[in-house]
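Per the numbering used here: the sequence shown ends with 946, consecutive numbering throughout.
Hints were generated in silico from the structure; no laboratory data involved. Accuracy of the hints is not assured; some may be wrong.
FRET-style restraints, in silico, Cβ to Cβ [as the list claims (entries may be wrong)]:
id, residue 1, residue 2, range
1, Lys775, Asn845, 24 to 32 Å
2, Ser878, Ser804, 30 to 38 Å
3, Tyr897, Asn844, 36 to 44 Å
4, His809, Asn845, 21 to 29 Å
In this text the structure is predicted, and so the values were computed from the model without any measurement. Even glycine gets a Cβ: it sits at the ideal position worked out from N, Cα and C.
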Amino acid sequence: AVESTQSTGKLMEYVLSTERPEFKSLQEHKSTFVLCHSSSGHKHAVSEVLADQNITSRLADTKAAGEVRALTDFYTMLNNEPARAFYGPQQCLAANENEAIDVLLVTDSLFRSTDIAERRKYVQLVEDVRGYGGTVHIFSSLHVSGEKLGLLSGVAAILRFPMPELEDLDVDDDSDESDRE
Numbered sequence: 766a767v768e769s770t771q772s773t774g775k776l777m778e779y780v781l782s783t784e785r786p787e788f789k790s791l792q793e794h795k796s797t798f799v800l801c802h803s804s805s806g807h808k809h810a811v812s813e814v815l816a817d818q819n820i821t822s823r824l825a826d827t828k829a830a831g832e833v834r835a836l837t838d839f840y841t842m843l844n845n846e847p848a849r850a851f852y853g854p855q856q857c858l859a860a861n862e863n864e865a866i867d868v869l870l871v872t873d874s875l876f877r878s879t880d881i882a883e884r885r886k887y888v889q890l891v892e893d894v895r896g897y898g899g900t901v902h903i904f905s906s907l908h909v910s911g912e913k914l915g916l917l918s919g920v921a922a923i924l925r926f927p928m929p930e931l932e933d934l935d936v937d938d939d940s941d942e943s944d945r946e
């Protein structure tokens, strides 16, 4: 691992110090690069890197760090105050009807759905939450945090106030209200 870190450092040094036309764009943005260590080269190591306090402080203003922080806050709320953290379309839409959503987490894949009605539903949800002062985080489905959110149906919310009645709604059921008895 030490050897690969040293060679990565040498590569970065070479790219940033060499006057070659193909490196011009990299050199213009060299102040944004961060050299750090991870246990593997797989994309799941991104979560490991973003959990490091030194890296997090340097990336504090980036979208990815904000998404990771929002997802962490959601899981913390789900553990500590489950009546204020919900995931799934029905729960989030029901919370939205009461303007209860403080933070909405949604994956970009929901906006790429082939079902136009579904796309409109999520666009309206995002507009509603922003309209009453909530925060919206749109996660890339290609990022590790977006993949984790995708495992929770792609939409989740931290509420302004507890709504224990939402716990009775079926998370896996996306059907209409008319299907219920």
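Structure-based check of each hint:
The given range of 24 to 32 Å is broken by lysine 775 and asparagine 845, whose C-beta atoms sit roughly 45 Å from each other. The supplied range of 30 to 38 Å is met by serine 878 and serine 804, whose beta-carbon atoms lie about 35 Å from each other. Judged by the Cβ atoms, the range 36 to 44 Å given for tyrosine 897 and asparagine 844 is violated: they are separated by roughly 26 Å. For the hinted restraint 21 to 29 Å between histidine 809 and asparagine 845, the CB-CB distance of approximately 26 Å keeps it satisfied.
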